[in-house]
Amino acid sequence: KAGVTQTPRYLIKTRGQQVTLSCSPISGHRSVSWYQQTPGQGLQFLFEYFSETQRNKGNFPGRFSGRQFSNSRSEMNVSTLELGDSALYLCASSLSSGGAQETQYFGPGTRLLVL
Amino acid sequence: AQSVTQPDIHITVSEGASLELRCNYSYGATPYLFWYVQSPGQGLQLLLKYFSGDTLVQGIKGFEAEFKRSQSSFNLRKPSVHWSDAAEYFCAVGARGNTPLVFGKGTRLSVIA
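Line order of the protein sequences matches chains S and U.
Counting in the working numbering, the first sequence runs from 1 upward without gaps.
Counting in the working numbering, the second sequence runs from 1001 upward without gaps.
Quick caveat, the hints were computed from the structure, so don't treat them as lab data.
Quantities reported herein were computed from a predicted structural model and do not represent experimental measurements.
Yeah, the Cβ is synthetic: ideal placement off N, Cα and C, and Gly gets one too.
Take these hints with a grain of salt, some might be off.
What the hints assert, rightly or not - Examples of chain S residues lying across from chain U (beta carbon under 10 Å, computed):
# : residue
1 : Gln-18
2 : Val-19
3 : Ser-33
4 : Gln-41
5 : Phe-106
6 : Pro-108
7 : Arg-111
8 : Val-114
Produce the complete structure using the sequences and hints provided.
Structure below.
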């Protein structure tokens, strides 16, 4: 079974632009979570989607948004990019939305550099 | 809300030596506890998890962790480290109910010959 895939793997943008990242979960998984990973803050939870509905949201500004499609694929969007948005963005999928007890399977991430 | 602390930012061990990575959590009830490993350029891979029951948990790649409620700890151990174990290790804590995991800042493990 294929793992979680994320596209693109690397991205360079300039301040003020917007970016869309994509995540395809493991087949049969219906929950997708997004995390931002930076050297200073570590892994921070962005949001979780289950059955096309946002179930949880982390403490990030409204510039960060996401959505999930009927096939469980998910996208996250960052508008008006800032230098501080440079990070590794990780997507994780799980079978359902049973909470923290559900094992999450992570993709390789998208490395975003904002210049 | 739950929180997790990994006191060691970077640890260096010799190949073949034993390893213990520390993890302390804060949560009012019995938490869900996880250890993940991240190799360079990779996502996170689950090593092991604790939900309830036996407090000594066995994981993949020869790792184990012990849940100690009295110390609010969930330390990761391996009796003999291999060079391929060099990576970043993350402890995570989850609460009952539909809440997201909280990750520690990670411990980077270097293995020397």
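Tested hints:
1. Gln-18: violated, 24 Å
2. Val-19: Since the shortest Cβ distance to chain U is 19 Å, the answer is violated.
3. Ser-33: Interface hint status for S/Ser-33: holds (7 Å vs cutoff 10 Å).
4. Gln-41: holds, 8 Å
5. Phe-106: Holds: closest Cβ of chain U sits about 4 Å from S/Phe-106, inside 10 Å.
6. Pro-108: holds, 5 Å
7. Arg-111: Result: holds, 9 Å to nearest chain U Cβ.
8. Val-114: violated, 20 Å
Checked against the numbered hints above, the structure violates hints 1, 2, 8; every other hint is satisfied.
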